[in-house]
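2 protein chains.
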Amino acid sequence: MASGANGQGVGAGALLAILRDGRARTRGELARLTGLSRSTVTQRLDGLIDQRWVVAGEDSISSGGRPAGVFAFNGGARAVFAADLGATHARLAVLDLSMNVLAERAAELPVEQGPERTLCQVADVLSDLLATTGLDPAQVCGVGVGLPGPVEHGSGRPVNPPIMPGWDGFAVPEWLQGRLGAPVLVDNDVNIMALGEHWAAGPAVDPLIYVKIGTGIGSGIVSGGRLHRGAQGAAGDVGHIRVTGSLAPCRCGNAGCLEAVAGGASMAAALRAAGIEAAGSRDVVALMRAGDLTATRLVRQAGREVGAVMASIVNFFNPSVIVLGGDVAEAGEQVLAGVRETIYSRSLPLATQHLAIRASELGDRAGIVGAAVMVAEHVLAPSAIDRQIAG
Amino acid sequence: MASGANGQGVGAGALLAILRDGRARTRGELARLTGLSRSTVTQRLDGLIDQRWVVAGEDSISSGGRPAGVFAFNGGARAVFAADLGATHARLAVLDLSMNVLAERAAELPVEQGPERTLCQVADVLSDLLATTGLDPAQVCGVGVGLPGPVEHGSGRPVNPPIMPGWDGFAVPEWLQGRLGAPVLVDNDVNIMALGEHWAAGPAVDPLIYVKIGTGIGSGIVSGGRLHRGAQGAAGDVGHIRVTGSLAPCRCGNAGCLEAVAGGASMAAALRAAGIEAAGSRDVVALMRAGDLTATRLVRQAGREVGAVMASIVNFFNPSVIVLGGDVAEAGEQVLAGVRETIYSRSLPLATQHLAIRASELGDRAGIVGAAVMVAEHVLAPSAIDRQIAG
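Residue numbers (UniProt numbering), protein chains in the order written: chain A, 1 to 391; chain B, 1 to 391.
There may be inaccurate statements among the hints.
To be verified - To spell it out: a stretch of chain B is covered by chain A in this simulated footprint if at least three of its residues, at any positions, have a beta carbon under 8 Å from a beta carbon of chain A; those stretches are:
#: 1; segment: 211-225
#: 2; segment: 228-240
#: 3; segment: 312-324
#: 4; segment: 352-359
As the list claims (entries may be wrong) - Calculated from the model, a selection of chain B residues having no Cβ within reach of chain A, i.e. all distances over 10 Å:
#: 5; residue: A31
#: 6; residue: N74
#: 7; residue: A123
#: 8; residue: C141
#: 9; residue: P150
#: 10; residue: A200
#: 11; residue: D206
#: 12; residue: P207
#: 13; residue: G245
#: 14; residue: G275
#: 15; residue: D283
#: 16; residue: T296
What the hints assert, rightly or not - Restraint ranges, calculated between C-beta atoms of paired labels, are given here:
#: 17; chain 1: B; residue 1: P203; chain 2: A; residue 2: S127; range: 41 to 47 Å
#: 18; chain 1: B; residue 1: P137; chain 2: A; residue 2: R38; range: 42 to 48 Å
#: 19; chain 1: B; residue 1: Q177; chain 2: A; residue 2: S155; range: 45 to 51 Å
#: 20; chain 1: A; residue 1: L33; chain 2: B; residue 2: R38; range: 31 to 37 Å
#: 21; chain 1: A; residue 1: G363; chain 2: B; residue 2: E341; range: 38 to 44 Å
#: 22; chain 1: B; residue 1: T244; chain 2: A; residue 2: A106; range: 38 to 44 Å
#: 23; chain 1: B; residue 1: E116; chain 2: A; residue 2: S155; range: 54 to 60 Å
In case anyone wonders, no lab produced these hints; they're calculated from the structure. For every residue, glycine included, the Cβ atom is placed at its ideal position computed from N, Cα and C.
So that you can see chain A by itself, here it is in the shape it has in the complex:
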């Protein structure tokens, strides 16, 4: 998007991209930043104001003695539907394009009901939420959905999702668009959480790796401001990396996977083997919070195992930050301590000197924020804005 000194190629979309940081700017500032003439800036701002992407501020700031109007991104002009679906629970929300949550609801919503029943409920709740905001359905510019399984990037359809019976190949975007009347973008839940955390951390924090430790373990990678998906869209699957000294069988068919020693399901199984009742990751966390020593030791050791895997990835990828999220990781400092302990002892000093390893900033809102970010990137892409204003 870098412009020549003559502003060639700087359309209204590029102007809006500058304003998206939230700072209001004068015509003169925008002319300087883009190389466009003031008259062209004015013309492009008119188009953006016309479409309500930009508001002319009431404020004026002094510029060479003359008061000059300022212009700002109007994040509140449009709304986004966001749905973050887990195996049994979902978080649904309406946000604006500045990522303010206008309404939200957590709901019990098992995906094993199949796609139509689940998505029907999703659409109903989202419509209810919109009504509470007083916004008009025409203001909804897109729908972002995170699903707990692999999603084909081009089509937005689930691909052999292990815990979503009936969803394989289901046309989620088309189905939901038919119900909600806005374009629908779908991705894997861990990917959208990574996007959400990257948005919260700010664009300078890059590359970012988000690791979710819940029932299973997965990660999402943001590099150069975009999701790194890999050649087959399979990138980030750290849960099935082999760890040292374990032959624990894994649900993937291999043995010794990280998930099989450090995932919430495996810890619950280990507790049961020790005669302690625990059905899943939430019970493990509850036991640890209640001071159960076996659970606490298990969680700490899980942190070390995750750290051992991430230490290799730090050497390879040199991230700026590793964000830990999910039930187990958010339960307290035991996981974080274990991860840090191992990474700092094993990775290269150059790669860890400025590396931040920290808990999720957004917690269980990471998914809905990420889903809204995904929609915003699509709707506010400079070429999309240029097309809209030219049309």
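With chain A held as given, fit chain B onto it using these hints.
Chain B only, in chain A's frame:
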């Protein structure tokens, strides 16, 4: 580089970027591809022809019954100096911008002589080579240099290079530009080899990981057509990833690093411990080629160790291809077999289904081709071309 339907923002540089694939195209084809009007295409082509970036072909192809001139990228109009420096040897070359090697020389050139003596010889050899091509120094549009150590991306200066005494912080670009009169770009040798292999494989092969197994072990990562450098420029350092079941001391100060069990220097040490004379990686390779069983077993096992590390990285990064280069890897099929054996048994089927694991295509030319690619990307960047033609 996507254009709006009206060709807004498509400058001469964007037109040249389309032609860089080597295919000649008519004005009509270029107008269709860019959305520009034919008259604008003609005007931009005139500028490109004027600067000799484009040639009008003699050929004509039928288009609606009328013969139409074709236009092609003129890769031969400029030359690039390329220098790939190893610890003791260097490869120096003159290439054109279509990556044709016009002249090259391998030279003994120990970097431990220090920067000024070494770079003096580099400049002399490059000037000699240029003279043999009959090209004029004014045609040299840039110099690409690979160094056997870490290089700060912004400045092109070595940063604490372990095997390059006297080079720390030395202003390599400024020094060489003073001697050769063209802009100089410097990067780590493994990074430029990765760029070279990515060029040879073609843009569709992405992401690509190039692993160099020589005295030490390192890797270069190309993703989205660009080098992935990481937050501190330390990405790709796979040689110091901890491997299972080893406590072998490593020159980095840690123990059990991949390089300490699978690098050429460590294998030579293992051979010496078994009473077999071997000074370095080249001797290991020579022994293996001569049928020495101990050397052959060591190399095969080294392949397995590299494979174990790369198996984790395949799950995390989902590359399209892993290219193996360097003395040891290029010595035969033992390394390749070991790497494949381990990756296919440990990584996820989705990530390995289409994964290619193969030997370097360019061999010891990967560095000079990559250095020339680095210069070409810089010189032919659309914004650089736009500026040149506007000026």
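Query raised in the report: Which of the numbered hints above does this structure break?
Result: 9, 11, 12, 13
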